[in-house]
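Colleague: Following the hints, position chain C against chain A.
Protein chains: 2
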Amino acid sequence: MDIKQYMQTVGRQARAASRAMAAADTNVKNAALLGIAAAIRRDAAKLIAANALDLAAARAAGLEPALVDRLTLNEKTVAGMAEGLEQIATLADPVGEITDLKYRPSGIQVGKMRVPLGVIGIIYESRPNVTADAAGLCLKSGNAAILRGGSEAIHSNQAIAACVKEGLAKAGLPDTAVQVIETTDRAAVAELITMREFVDVIVPRGGKGLIERLINESKVPMIKHLHGNCHVYLDDAADRAKTVKIVENAKTQRYGTCNTTESLLVARSRAAELLPDIGRMLATHSVEMRCCAEAMAILKAASVDAALLKEATEADWYEEFLAPIIAIKVVDGLDNAIEHINTHGSQHTDAIVTENYTRARRFLREVDSASVMVNASTRFADGFEYGLGAEIGISTDKIHARGPVGLEGLTSQKYVVLGDGHIRG
Amino acid sequence: MDIKQYMQTVGRQARAASRAMAAADTNVKNAALLGIAAAIRRDAAKLIAANALDLAAARAAGLEPALVDRLTLNEKTVAGMAEGLEQIATLADPVGEITDLKYRPSGIQVGKMRVPLGVIGIIYESRPNVTADAAGLCLKSGNAAILRGGSEAIHSNQAIAACVKEGLAKAGLPDTAVQVIETTDRAAVAELITMREFVDVIVPRGGKGLIERLINESKVPMIKHLHGNCHVYLDDAADRAKTVKIVENAKTQRYGTCNTTESLLVARSRAAELLPDIGRMLATHSVEMRCCAEAMAILKAASVDAALLKEATEADWYEEFLAPIIAIKVVDGLDNAIEHINTHGSQHTDAIVTENYTRARRFLREVDSASVMVNASTRFADGFEYGLGAEIGISTDKIHARGPVGLEGLTSQKYVVLGDGHIRG
Numbered sequence: 001m002d003i004k005q006y007m008q009t010v011g012r013q014a015r016a017a018s019r020a021m022a023a024a025d026t027n028v029k030n031a032a033l034l035g036i037a038a039a040i041r042r043d044a045a046k047l048i049a050a051n052a053l054d055l056a057a058a059r060a061a062g063l064e065p066a067l068v069d070r071l072t073l074n075e076k077t078v079a080g081m082a083e084g085l086e087q088i089a090t091l092a093d094p095v096g097e098i099t100d101l102k103y104r105p106s107g108i109q110v111g112k113m114r115v116p117l118g119v120i121g122i123i124y125e126s127r128p129n130v131t132a133d134a135a136g137l138c139l140k141s142g143n144a145a146i147l148r149g150g151s152e153a154i155h156s157n158q159a160i161a162a163c164v165k166e167g168l169a170k171a172g173l174p175d176t177a178v179q180v181i182e183t184t185d186r187a188a189v190a191e192l193i194t195m196r197e198f199v200d201v202i203v204p205r206g207g208k209g210l211i212e213r214l215i216n217e218s219k220v221p222m223i224k225h226l227h228g229n230c231h232v233y234l235d236d237a238a239d240r241a242k243t244v245k246i247v248e249n250a251k252t253q254r255y256g257t258c259n260t261t262e263s264l265l266v267a268r269s270r271a272a273e274l275l276p277d278i279g280r281m282l283a284t285h286s287v288e289m290r291c292c293a294e295a296m297a298i299l300k301a302a303s304v305d306a307a308l309l310k311e312a313t314e315a316d317w318y319e320e321f322l323a324p325i326i327a328i329k330v331v332d333g334l335d336n337a338i339e340h341i342n343t344h345g346s347q348h349t350d351a352i353v354t355e356n357y358t359r360a361r362r363f364l365r366e367v368d369s370a371s372v373m374v375n376a377s378t379r380f381a382d383g384f385e386y387g388l389g390a391e392i393g394i395s396t397d398k399i400h401a402r403g404p405v406g407l408e409g410l411t412s413q414k415y416v417v418l419g420d421g422h423i424r425g
Numbered sequence: 426m427d428i429k430q431y432m433q434t435v436g437r438q439a440r441a442a443s444r445a446m447a448a449a450d451t452n453v454k455n456a457a458l459l460g461i462a463a464a465i466r467r468d469a470a471k472l473i474a475a476n477a478l479d480l481a482a483a484r485a486a487g488l489e490p491a492l493v494d495r496l497t498l499n500e501k502t503v504a505g506m507a508e509g510l511e512q513i514a515t516l517a518d519p520v521g522e523i524t525d526l527k528y529r530p531s532g533i534q535v536g537k538m539r540v541p542l543g544v545i546g547i548i549y550e551s552r553p554n555v556t557a558d559a560a561g562l563c564l565k566s567g568n569a570a571i572l573r574g575g576s577e578a579i580h581s582n583q584a585i586a587a588c589v590k591e592g593l594a595k596a597g598l599p600d601t602a603v604q605v606i607e608t609t610d611r612a613a614v615a616e617l618i619t620m621r622e623f624v625d626v627i628v629p630r631g632g633k634g635l636i637e638r639l640i641n642e643s644k645v646p647m648i649k650h651l652h653g654n655c656h657v658y659l660d661d662a663a664d665r666a667k668t669v670k671i672v673e674n675a676k677t678q679r680y681g682t683c684n685t686t687e688s689l690l691v692a693r694s695r696a697a698e699l700l701p702d703i704g705r706m707l708a709t710h711s712v713e714m715r716c717c718a719e720a721m722a723i724l725k726a727a728s729v730d731a732a733l734l735k736e737a738t739e740a741d742w743y744e745e746f747l748a749p750i751i752a753i754k755v756v757d758g759l760d761n762a763i764e765h766i767n768t769h770g771s772q773h774t775d776a777i778v779t780e781n782y783t784r785a786r787r788f789l790r791e792v793d794s795a796s797v798m799v800n801a802s803t804r805f806a807d808g809f810e811y812g813l814g815a816e817i818g819i820s821t822d823k824i825h826a827r828g829p830v831g832l833e834g835l836t837s838q839k840y841v842v843l844g845d846g847h848i849r850g
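Protein chains in written order, with this note's numbering: chain A, 1 to 425; chain C, 426 to 850.
Label pairs and their computed distance ranges (CB to CB):
| hint | chain 1 | residue 1 | chain 2 | residue 2 | range |
| --- | --- | --- | --- | --- | --- |
| 1 | A | Lys170 | C | Thr738 | 41 to 49 Å |
| 2 | C | Glu622 | A | Gly80 | 34 to 42 Å |
| 3 | A | Tyr318 | C | Ala612 | 29 to 37 Å |
| 4 | A | Leu210 | C | Gln430 | 30 to 38 Å |
| 5 | C | Ala612 | A | Gly80 | 50 to 58 Å |
| 6 | A | Lys4 | C | Asn781 | 41 to 49 Å |
| 7 | C | Arg693 | A | Gln5 | 36 to 44 Å |
| 8 | A | Leu210 | C | Ile428 | 32 to 40 Å |
| 9 | C | Lys644 | A | Gly209 | 12 to 20 Å |
| 10 | A | Val28 | C | Asn641 | 33 to 41 Å |
| 11 | A | Pro105 | C | Lys644 | 39 to 47 Å |
Every beta carbon over 12 Å from chain C, so not counted as near; a handful from chain A, in silico:
| hint | residue |
| --- | --- |
| 12 | Met1 |
| 13 | Asn30 |
| 14 | Leu67 |
| 15 | Lys208 |
Hints in this document: simulated from the structure, not taken from any laboratory. This one's a predicted model, so the numbers in the text were calculated from it and none came from an experiment. Think of the CB as a built atom: it goes at the ideal place given N, C-alpha and C, for glycine as much as any other residue.
Here chain A stands alone, though its shape is the one from the complex:
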């Protein structure tokens, strides 16, 4: 197989399909989503059988249990994929919405129309359910998609792809509107991220290693986040009960998600009062605490399990632990906290706990992250929690979408101008 030629064909077909998708009626797109869901439900046994081939290969190759777990499809996860698609069908169609249509002094009316981005390339790792999710979101937002899943999920992904094709075709849409790459050759990714004539945006989903490589090699704009080093800052005016509750949820609800808090900052004026309770709470979850000297002294004096206390290194302030580990630092106050977050953070999600109106306002404005929060857990940074209905990923970039990216993030706005024979003077 000539990979370059194959990818060029995929790209050309996607570009052609994107025109039909952009013009497709909402009810036709919804029919395709429901058709794909129905095919997935009907083919559950087939999907699980295809998945068994991937699982056998993964085990033979000695893949880590966590990866095998993510790769696994069963009746419940297959039903979950179908439900996800049915839910996307219920979301409002963002395409075609016209806003801000206003008369100008020249007499023309100028407004903005929301339109699909065109062709979206999605590169992801082992979870096969991303194939159905991503296909559904791209379809509903009027885009064509090129999906490239992990090589370890190739049989599962191709089986899901067959359902997607069937749903598209039955609804009268081009079955090339969603193409799942059929080769596990890495050269296909290299082509995908450089075919600027056929691909409008790349959404990578995966570990930091994958994303870093793609950032360096991509010639196509990306909607992405590299990692999540989220902070909770306990301000001088923090409500004591809220501090323990929010830190517990933000750190310990799930350790492996990008919106989990990795660093805790505490205003010096409250450190001796607040840290002991928090340290004891973290110890009940066996969370390792990497502390600055001041925090260490306070936690030691409070008899927090010494086995869980470590001296923090400079690198810890930058780290996404994805584990029961948290970095803890005592800071002078708000200015120092904002400076620390903007310097060491990942511009993902950061929260302040405070009852002080002025400092809450300043934190919201001056912390340069995709999500900034007052008195809430960083774990809320999520498309469903924000009301987007679903999310294709999270962006920590500055242009286009920031934070959780839903259907609207897969669109942009063009200008529409209505005249009656108007010419420019």
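Modeller: Coordinates of chain C only, in the frame set by chain A:
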């Protein structure tokens, strides 16, 4: 001078200044704009003297008269720069605006806050007035800017830069918020477009050659357009009087602008009726017509000056002539016109002339360009005409801003979340 080290210093200073700019009050930013304008008015003679050095060098180097013309500063153009800045001071500040703040079922409030992009790198050619314009727009939108003008304008740009620094400092803002590169070494551009840690977006302004080179080499996202191959399509239901009026304005008002029409498409059912008048009108402006065979036959039969009629080549359908030349093609109808525009166009600005409601709606939705128009001249695609107040450039990209980019295009939106001790369930 070590260019890499110099640019790293510029980048680091810009990143630091961008924090102060993001937090700056509207009245402080306006004071800086007015201060820069005042310094420019006061230093008019100095600016013109600095410009004389550039002009002498340009003439000695044998620069084309059109380039020398663009490079020239005089009392009128200097006053124009100051007026431009004063006008930017009157525009609404986009920064900090919170929209869509809504309660979610979990109890949190989620909304979006408009924030600056951070550090904007602007790369432009000979016009020195871009230095003042770009500085003003970046400043008002709360961004820090790194400006790299053409080497032929180095003295003029440095003189303007002194006024910018003075205005910033007097208003209490860091004078590194706008830095004009002091070297003409091309290596500085190579650094600017690859310093991802210090530069959030690049806005290139210049000819196709410059933009193409930057697209290939940039590691930083860009807001840009490569060229403008704008179309007017005369539909089966076009109003005859409007066709001549719009084509005349769109093609002949100015030949060198990116929103000038370069291709004319005519529905076959109306070609024999509409083309003779249009051909004669274009002939009075000495516009060369590059025609498909059908259009050629009609125009010849109508006795349009044969010296102005040429056979079109395939390349002409893609061409931005920037000259008194237009490509003319007879098409089957709307489908054919949309297909032609989406294939050969530059996704800049395209217009339909029609009285037909359904085809007008389809053209607006299905033509994939930054600006789509009904019964209006493509010349309207402009920040002032659209009510943006000013524009930093035009984007034909799909993500972020499309079309004329004003203050809002130099910002994005982050999420703000307000809770009262809320945690995720």
